[in-house]
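Go ahead and model the full structure; you've got the sequences and the hints to work with.
There are 2 protein chains.
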Amino acid sequence: MKAKVFVTFKEGILDPQGKAVQHSLETIGFGEVLNVRQGKLFEVALDDGLTKDDAKKKVTEMAEKLLANPVMENFEVVIE
Amino acid sequence: MKAKVFVTFKEGILDPQGKAVQHSLETIGFGEVLNVRQGKLFEVALDDGLTKDDAKKKVTEMAEKLLANPVMENFEVVIE
Numbered sequence: 017m018k019a020k021v022f023v024t025f026k027e028g029i030l031d032p033q034g035k036a037v038q039h040s041l042e043t044i045g046f047g048e049v050l051n052v053r054q055g056k057l058f059e060v061a062l063d064d065g066l067t068k069d070d071a072k073k074k075v076t077e078m079a080e081k082l083l084a085n086p087v088m089e090n091f092e093v094v095i096e
Numbered sequence: 017m018k019a020k021v022f023v024t025f026k027e028g029i030l031d032p033q034g035k036a037v038q039h040s041l042e043t044i045g046f047g048e049v050l051n052v053r054q055g056k057l058f059e060v061a062l063d064d065g066l067t068k069d070d071a072k073k074k075v076t077e078m079a080e081k082l083l084a085n086p087v088m089e090n091f092e093v094v095i096e
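Top to bottom, those sequences are chains A and B.
Heads up: the first sequence at position 54 corresponds to 70 in my numbering, and the numbers run straight through without jumps.
Heads up: the second sequence at position 2 corresponds to 18 in my numbering, and the numbers run straight through without jumps.
Fair warning: there could be bad hints in the mix.
What the hints assert, rightly or not - So, partial list: chain A residues that the calculated Cβ filter (under 10 Å) puts toward chain B: (1) Lys20; (2) Val23; (3) Val37; (4) Gly47; (5) Asn51; (6) Val52; (7) Gln54; (8) Leu57; (9) Glu59; (10) Leu62; (11) Leu66; (12) Lys74; (13) Leu82.
Said to hold, decoys possible - Computed spacing ranges between beta-carbons, pair by pair: (14) Pro32/A - Glu96/B: 21 to 27 Å; (15) Lys18/A - Leu30/B: 18 to 24 Å; (16) Asp69/B - Lys68/A: 31 to 37 Å; (17) Asp64/A - Ala61/B: 36 to 42 Å; (18) Asp63/A - Thr76/B: 31 to 37 Å.
Unchecked claim - 30 Å max Cα-Cα, derived DSSO-like pairs, lysine-lysine: (19) Lys81/A - Lys26/A; (20) Lys20/B - Lys73/B; (21) Lys81/A - Lys26/B; (22) Lys20/A - Lys73/A; (23) Lys20/B - Lys26/A; (24) Lys20/A - Lys68/B; (25) Lys68/A - Lys20/B; (26) Lys68/B - Lys18/B; (27) Lys72/A - Lys35/B; (28) Lys20/B - Lys81/B; (29) Lys26/B - Lys72/A; (30) Lys26/A - Lys72/B; (31) Lys81/B - Lys35/A; (32) Lys72/A - Lys18/A; (33) Lys56/B - Lys18/A; (34) Lys72/A - Lys56/B.
Honestly, the hints are just simulated from the structure, not real lab data.
From the three backbone atoms N, C-alpha and C, an ideal C-beta is built for every residue, glycine too.
As structure tokens, this is what we get:
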């Protein structure tokens, strides 16, 4: 079973990496870009013995404990 | 208009960051984890004057030119 975890900064948290990408895109001619935020993506392969519900619970726990920083980041878990 | 770009390493490309996360998850008790791959996520806010098709084309161009390294990485563009 595969899970994806999307980790993004919370609203209001500065994202200098995203800003750098935004400026680079503008510099090479993409004037239609208004804003860029950069986040992280984790693809987690899990033991097939888990049910979908158990997988979702486990991966949510992984995100809370290790993959995301709950003070600054939001996360979303998708089981595939 | 908002676009998301998901950038992941191609199959066969080593991902030491993903491996480090995998080992950390195992260390804190998540034995059901078989593999972890880490990727990047870009949220791009675009001028509302663009059509969905134009936005997809533009953002694909951004990914090819700057957001992803086509030698080592795959990307997927989603327009929201």
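Tested hints:
1. The interface hint given for lysine 20/A holds, since its Cβ lies 9 Å from the closest Cβ of chain B, which is under the 10 Å cut-off.
2. A hinted interface residue such as valine 23/A counts as satisfied when its beta carbon comes closer than 10 Å to some beta carbon of chain B; here the least separation is about 8 Å, so the hint holds.
3. Residue-level restraint check for valine 37/A holds (minimum Cβ-Cβ distance to chain B is 7 Å; threshold 10 Å).
4. Residue-level restraint check for glycine 47/A holds (minimum Cβ-Cβ distance to chain B is 8 Å; threshold 10 Å).
5. Of the supplied interface hints, the one on asparagine 51/A holds, with its beta-carbon coming within about 4 Å of a beta-carbon of chain B, less than 10 Å.
6. The beta carbon of valine 52/A is positioned within 10 Å of a beta carbon in chain B (closest approach about 5 Å), and the interface hint is therefore held.
7. With a cut of 10 Å, the hint placing glutamine 54/A at the interface with chain B holds, because the nearest CB-to-CB distance is about 6 Å.
8. Checking leucine 57/A against chain B: minimum C-beta separation of about 4 Å stays under 10 Å; hint holds.
9. For glutamate 59/A, the suggested interface contact is upheld, since its CB lies about 4 Å from the closest CB of chain B, less than 10 Å.
10. Interface hint status for leucine 62/A: upheld, as the beta-carbon distance to the closest one in chain B is roughly 5 Å, under 10 Å.
11. Nearest Cβ of chain B to the Cβ of leucine 66/A: about 6 Å, under the 10 Å cut. The hint holds.
12. Given the 10 Å rule on beta carbons, the hint for lysine 74/A holds: about 6 Å separates it from the nearest Cβ of chain B.
13. This hint holds: leucine 82/A has a C-beta 6 Å from the nearest C-beta of chain B, less than the 10 Å allowed.
14. Taken as a hint, the range 21 to 27 Å holds for the pair proline 32/A and glutamate 96/B, whose Cβ atoms sit roughly 24 Å apart.
15. Remark: the range hint 18 to 24 Å for lysine 18/A to leucine 30/B is upheld by a beta-carbon distance near 19 Å.
16. About 34 Å separates the C-beta atoms of aspartate 69/B and lysine 68/A, a value consistent with the hinted range of 31 to 37 Å.
17. Remark: the range hint 36 to 42 Å for aspartate 64/A to alanine 61/B is upheld by a beta-carbon distance near 39 Å.
18. One distance hint, 31 to 37 Å for the beta-carbon pair aspartate 63/A and threonine 76/B, holds here, with the actual separation near 36 Å.
19. At roughly 17 Å between alpha-carbon atoms, lysine 81/A and lysine 26/A fall within 30 Å of each other, so this suggested pair holds.
20. Only pairs whose Cα atoms come within 30 Å are accepted, and lysine 20/B paired with lysine 73/B is accepted, the gap being roughly 13 Å.
21. The straight-line distance between the Cα atoms of lysine 81/A and lysine 26/B is roughly 27 Å, inside the 30 Å bound, and the hint therefore holds.
22. Between lysine 20/A and lysine 73/A the alpha-carbon distance is near 13 Å, which keeps this suggested pair within the 30 Å criterion.
23. With a C-alpha separation of about 16 Å, the suggested pair lysine 20/B and lysine 26/A falls inside the 30 Å cut-off, and the hint holds.
24. Between lysine 20/A and lysine 68/B the alpha-carbon distance is near 25 Å, which keeps this suggested pair within the 30 Å criterion.
25. With a C-alpha separation of about 25 Å, the suggested pairing of lysine 68/A with lysine 20/B holds against the 30 Å cut-off.
26. As the CA atoms of lysine 68/B and lysine 18/B are separated by approximately 10 Å, the hinted pair is consistent with the 30 Å bound.
27. As the CA atoms of lysine 72/A and lysine 35/B are separated by approximately 21 Å, the hinted pair is consistent with the 30 Å bound.
28. Restraint check: the Cα-Cα separation between lysine 20/B and lysine 81/B comes to about 16 Å, which is no more than 30 Å; the hinted pair holds.
29. A distance of roughly 25 Å separates the Cα atoms of lysine 26/B and lysine 72/A; the hinted pair therefore holds under the 30 Å criterion.
30. Among the hinted pairs, lysine 26/A with lysine 72/B is consistent with the structure: their alpha-carbon atoms are about 25 Å apart, no more than 30 Å.
31. Taking the CA atoms of lysine 81/B and lysine 35/A, the gap is about 17 Å. The hint holds against a cut of 30 Å.
32. Between the alpha carbons of lysine 72/A and lysine 18/A the distance comes to roughly 10 Å, so the proposed pair stays at or under 30 Å and holds.
33. Annotation: proposed proximity of lysine 56/B to lysine 18/A holds, straight-line Cα distance about 17 Å (limit 30 Å).
34. Restraint check: the Cα-Cα separation between lysine 72/A and lysine 56/B comes to about 21 Å, which is no more than 30 Å; the hinted pair holds.
In this structure, every one of the numbered hints holds.
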